[in-house]
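Novice: Spelled out, the chains give:
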Amino acid sequence: MMHEMQKLRVELNRRCDAIGREIRVMEVCGTHTVAAFRSGIRSMLPDNFRLISGPGCPVCVTAQRYIDAAIDLASLPNVIVATYGDMLRVPGLSGSLEKQRAKGADLRVVTSALRALQIARDHPESEVVFLGVGFETTSPATALTILEAARDQVPNFSVLVSHKLVVPAMVALLECDDMSIDGFLCPGHVSVIIGSNAYAPIASRFGKPCVVGGFEPEQILKALVHLTRQIEYGESYVENVYPAVVTESGNATAMDILRRVFVPGDTVWRALGVIPMSGFDLAPEFQAFDALRRFDIHVGEDFDNPSCRCGEVILGRIEPCECALFGNECTPLTPIGPCMVSSEGTCAAWFKYNRHAIAMGARS
Amino acid sequence: MTTIHSLVGNDVSRPIVETGVERIVLAHGGGGELTGQLIAERIMPALANEDLATLDDSAVLPWCSDHVVFTTDSYVVTPLEFPGGDIGALAVAGTVNDLAVMGAEPVALSLGLIIEEGLPLETLDRIVASISQTAKRAGIRVVTGDTKVIERRTGEGLFVNTAGVGRLIAGCRMSMSRVTPGDQVLVSGTLGEHGLTIMSVRGGIQFDTTLRSDVTPLNGMIRRLVTSGAEIKFMRDATRGGLAGVLADVSERSGFSVEIEESALPMTIGARYAADMLGLDPLTIANEGKIVCVVANRDADAVCDMMRACAEGRHAAIIGRVVDSTPPLVELKTTAGGARIVQRPYGEELPRIC
Amino acid sequence: MCLAVPAKVISLEGEDGVVDLGGNRLSVRMALTPGIRVDQWVLVHAGFSIAKIETSDALETWGYLKACYAGDATGLDRDADEMVASSRVAAEGTAR
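Taken in sequence, the protein lines are chains A, B and C. Numbering follows my numbering, in which position 151 of the first sequence is assigned residue number 151; successive positions increment by one, without gaps. In short: position in the second sequence from 1, add 364, done, that's my numbering. In short: position in the third sequence from 1, add 718, done, that's my numbering.
Do not take every clue at face value.
Unchecked claim - According to the in silico footprint, chain B covers these stretches of chain A (three or more CB under 8 Å from chain B):
id	stretch
1	42-50
2	78-87
3	102-114
Hints listed in this document are in silico derivations from the structure and should not be mistaken for laboratory results. Positions of the beta carbon are idealized from the N, C-alpha and C atoms, including for glycine.
Please model the entire structure based on the sequences and the hints provided.
Specialist: Shown next, in the form of structure tokens:
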């Protein structure tokens, strides 16, 4: 393995030298963000290679109004809110779900939507609301759980849906005027579901290389080498270097289920605003499972902290350390912006693994 | 040093419907007949010794040592019993280990039980038996204690406080200020098993696992180390905050950096995979039977061998070294050939799915 | 986003399966990988299998995980298994 890693590093360095200018590659997957830091990949990138973390963390991009709605739901008597662990510390307008739990809300951390449905079956006297967040990797799990709830007529289960779609977000980024990206490291596990062909419009319409990569250090490095190869030769096409699990067309069963349960709709992304057709709404026949309707919760507005530059971080315009709040007022203990909240958030990953990068650089 | 907050909401509404289960009632804490009966029948038989048997307000202990080492810790864990241990074992081993890592020979423990109304008496019995067993293994006695009952909240609640006193072993002087560049950093065994085991039995997260908590008293092994003449400068048990927490303390308080090698960190496959599955960094996961040692370079191999000669330390390893570089940081050299900074975790680490 | 791990299918009952991840066993819904069989490998995310994996690919990742930390060189996992076995015997002896 080390031999292969060494070969990849040599090739990456050589191609970056040949390109001879700053190369800006964006990953749109929080797991890539964390894996690149945790494995030390970031520390081995050539000086002129900039790996930008795009809107790849579902927690980061979940709008404040959605957190507020979740908190409203958690405040209702006899309601159990079930959620993935990362959502607990995301700040809404008035606190977080974690703080709401301290006030007495019944909040359960689950590792699967099915566990949330099981809680509903175990507690017929309570209402159980599942927070459906995540990209296409995760939304089939929510969809199947809703299908099961419908089949078994579980009356006390509902979902607050905030699922997002990756490709429309990538397109929206590319349509920004001052966006300069040389290529995309495409999310491996989203691609398991949607297939590598889903990125074809980005390669053809916008002329950006797209390489689907895995999450082991060697897999990440390999994807970056393939990206620089395309950049060096001025090419742009879709490459899949994670063929173990990713196919051109994706998981047909999962895509069918998504089409059955959800319909695409405009949705709001934190710090990015509304992106057309970038999210899922429940299809008409499943709207009985919509928590907002069931509890008549009004989704409010977003009030972003004016000093917070998370939007620019997500857009890849600045690095976290260029934000005045980073590491000062805004830390993982006292997150202001969404990028600091999740452990996958760009700012949290930077704070955890890279805060002293400058000092380290000076040392070596 | 073991506080694990409940991840799941508590089901207060479910009434007790089963019969034949004897439970703690508020009157068990009333200081009357029922309290006396609880202590005499449920606690004393397991823990009996001449000091505890007097049931006086305080224990009077013979003493001959220049320094008393004194510590206290409270234990809260959900669930109370888990693979490899329970709150009782944690309470004894945790306090014993806190004394031992300071270079002390643990002498006596106090035991404070705060019991929730509704706790099944048989659960209490098992935990008291575990306290007794763990204390025997550590060679320490519970010499004074207290029991209180609080109103029902979950019906499964028990909180334990243990304080401990020990004699400082002659010549022992554990101090962060003695740490200098060139010192080696050792860990006494495999990482992450306690925290991952607890996760595996939490509602909403559960999975079947061969993992067990590593909770165990380490004073026997530590005594051998500190009386060997090896120059051990600092020791701490890597409980909450894991290895990352201890190393961050070493670096911050000594003013030097610590460099560790990912490839040297001992972990079982089961723990590695469970951490990967839950999205957790193994370095930040709690242990209850592992110490981190900073040892003078020339004695590092000998100390590692001594640890490996003990059952509790048989997977001990030299994982890194203290280096002179500023600012003081903990740096991990990754197996992939890169490097990253290790920081202490921010609080309760939650499993990630996204 | 999207943590997913390779795991081996241990048992199947309709769409419900149990998978093994290095000694950790997880209940997984197999509906997204129709036709999967026992002993095959799947990629698991949020309690669902989302893709079938050719065994050699799964083992490659597994191999990486193994190589990442020390342990195998010292026979650590075999020892850990022994420890588990002995603590199980101990546990069976108690009231639990």
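Novice: Decide, hint by hint, whether the structure agrees.
Specialist: Structure-based check of all given hints:
no.	hint	verdict
1	42-50	holds (count 3)
2	78-87	holds (count 5)
3	102-114	holds (count 8)
Violated hints for the displayed structure: none, as all numbered hints are satisfied.
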